[in-house]
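**Student:** Read off the chains here:
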Amino acid sequence: MTPPGKEILENIAAEYFLRDLTDQELTWLQRGLQEDEALRERFVQAARDEFLLTQFYQEPEEVKLLAFPRRRRLKRGVRRIAASIAILLSLATIFLSRYMEVSNKISDIPNAPVVAHVTGCFVLEADAISVVNEGKLRTIEANSELRAGDRVVVPFGSRLTFQYNNEDTFVEMSGGTFFSLQEEDGAKFVRLRQGTMWADVAKQPNGKPLRIMTDDAEAVVLGTSFEISANQFTRLSVVSGMVRFKSHDNDHSVEVSAGHLADSQRESLWKSLPFAIQKLYPVLDQTINRLDCEKFIAVDPKRNLCGFLSFDLSNVRGKVIEARLRLRVANNEKEACRSGDIRLYSLPAEASPATAANYQRRMISRYEGRIGGGMDLEFLIEPANLSSNLNAFMIGMLPGGDSFLFNASESPEPPQLILKVETKSTKPLGQTFTNGEI
Amino acid sequence: MNESEQIETLLRQFYANQGQLRGYIFSSTKDYHATEEILQSTAITIAQKAAQFDSERPCMNWFMGICKNHIQRYYQKQKRESKHISFEILDDFIPMLEVFDAHQLSTRRQALESCMTRLPKKQRKVIELRYMENQDCSQIADHLGRSVQGIYSLLKRLKVDLRKCVEFQLQNREMI
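From first to last, the protein sequence lines are chains A and B. If you're matching positions, the first sequence starts at 15 in my numbering and goes up one per residue. If you're matching positions, the second sequence starts at 13 in my numbering and goes up one per residue.
Worth flagging that the hints you see were computed from the coordinates, not collected in a lab. Fair warning: there could be bad hints in the mix.
[As the list claims (entries may be wrong)] Mimicking BS3-like on lysine-lysine, the simulated pairs with C-alpha atoms at most 30 Å apart in a straight line are:
1. A:316 <-> B:89
2. A:316 <-> B:137
3. B:80 <-> B:95
4. A:316 <-> B:134
5. B:134 <-> B:176
6. B:176 <-> A:20
7. B:133 <-> A:316
8. A:20 <-> B:95
9. A:316 <-> B:176
10. A:309 <-> A:260
11. A:20 <-> B:168
[Unchecked claim] Computed footprint of chain B on chain A; a stretch qualifies when at least three of its residues, placed anywhere within it, have a C-beta under 8 Å from a C-beta of chain B:
12. 31-39
13. 43-56
Ideal Cβ positions, reconstructed from N, Cα and C, are used throughout, including at glycine.
Okay, chain A solo, but in the shape it has when bound (with noise of 0.2 Å):
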């Protein structure tokens, strides 16, 4: 058959990413690309543009899997600092080791001294959490120990927590983190190369602060409490007491106070821009199709079911700095894990549960993944996305996934709107304020 000529071959290159290709188109392709460089030129084009909009619409915004840690009482009233990290860096992590198999054959003990030992471990079937340490690949249970080195991989939808020894200093590390552990001359570091983990930390040696290092700046604990969270970039946001955040883009160096928060990259809140935390409850929740559910949100592609959200944003003062929506999943069956794809849209305010089909929707969020029952799944959603009044929300599935049951407003743990706001405010920084105005 004659080879094609450069238009059909163009066509062909574009269409390789919309459908499969026939064997003969196939090699008339091949054979293109390596005869005409322009061809190659089109071809790597219509990849990226092809890989551009299908990022475009499937990752609208970072989503985070998170389990609260409890907070711990003190024991021997040592001084504690109380800290909240959240470190969220490519989306691309979020599927971070959910294929990787780890035999407890080839599991072997590192030499490395032992710094801290498991507290807790939620691990869904058929994962593990994995440590490589030395060149040696083991797994961690609970009561597994912990050594300087260790390099851990904490697969999506499981969480570890862990004490470090001889301290009450506890972390917890929620699914899709990948991270390792360090001490020189009893300093701690945690290298948190992606994902989330929150620190609970007990006061540490004089000139000896416990260190969070990401890829571009650097959490250096002071004195009592604080809290960072980061996405793609990494931001602090201190709730009581004193942290010292430090860039490695551009060498800044600011102590953050509590009420305060400070990102790696935004010059603009290098000055320390003081927040608080507003919790708003829904106006209204229920599942469309269904509305006679009321102590869960049902969403299910198989029964057209969807969750339906409104909340009123019109008591917020000041502007919204960041927003996540917090859903439990109900813990009806214990530790059944679900899995799918959760999306977040957006709906216009005049939205109801019985209209909600009528209206055009925005995806502004997503998650694809599985997760456990009791379990929180937030949506990061950007605060342009919101408005001031009320900002009704549907949570959809596509095909193929398991039913998902939120807890609704009904249940002790029910849906929260959390919102990070910019305050003038002469009442205490960082506190936090549900449903009322700051």
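Please arrange chain B on chain A, whose structure you already have, making use of the hints.
**Tutor:** This is chain B only, laid out in the frame that chain A set:
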């Protein structure tokens, strides 16, 4: 170099070349999510097998070898024939696949956002069906009552228009 340093060095190299590898995987799988998963599986394999790596060899070739294994496993798992451009040809593309670098993609994505708002509603619908709802061209054709070939043509044209719009936006930004 000890094991820890070896892993650190290799992962740093991996992250530096992540864009090219992303393009390499996507050109083979044509699947966004599979690409991101294979990329991460590759990172994990690199960390696990760092000790086996001969540091005299160029690490990019080793990374590509790992990617190929994961791509083949992906097709086996899917239980379908791997109808993609051969690895031998794709190997030559590597320098061109820098366009998949996260920073470059992010810049284009911002421009794309603005271009999307200018698309007429009907055209945007087609793009949404394809990239938001994951429908293939025959499903879109059924949905809209058009021919499959018509949808291919429309999507190709829309992608070219969007590309031009993105290039224009990026050029204007540079001028500013």
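**Student:** Give a verdict on every hint.
**Tutor:** Hint check results:
no.	hint	result
1	A:316 <-> B:89	25 Å, holds
2	A:316 <-> B:137	23 Å, holds
3	B:80 <-> B:95	14 Å, holds
4	A:316 <-> B:134	28 Å, holds
5	B:134 <-> B:176	19 Å, holds
6	B:176 <-> A:20	21 Å, holds
7	B:133 <-> A:316	28 Å, holds
8	A:20 <-> B:95	22 Å, holds
9	A:316 <-> B:176	40 Å, violated
10	A:309 <-> A:260	45 Å, violated
11	A:20 <-> B:168	16 Å, holds
12	31-39	holds (count 6)
13	43-56	holds (count 6)
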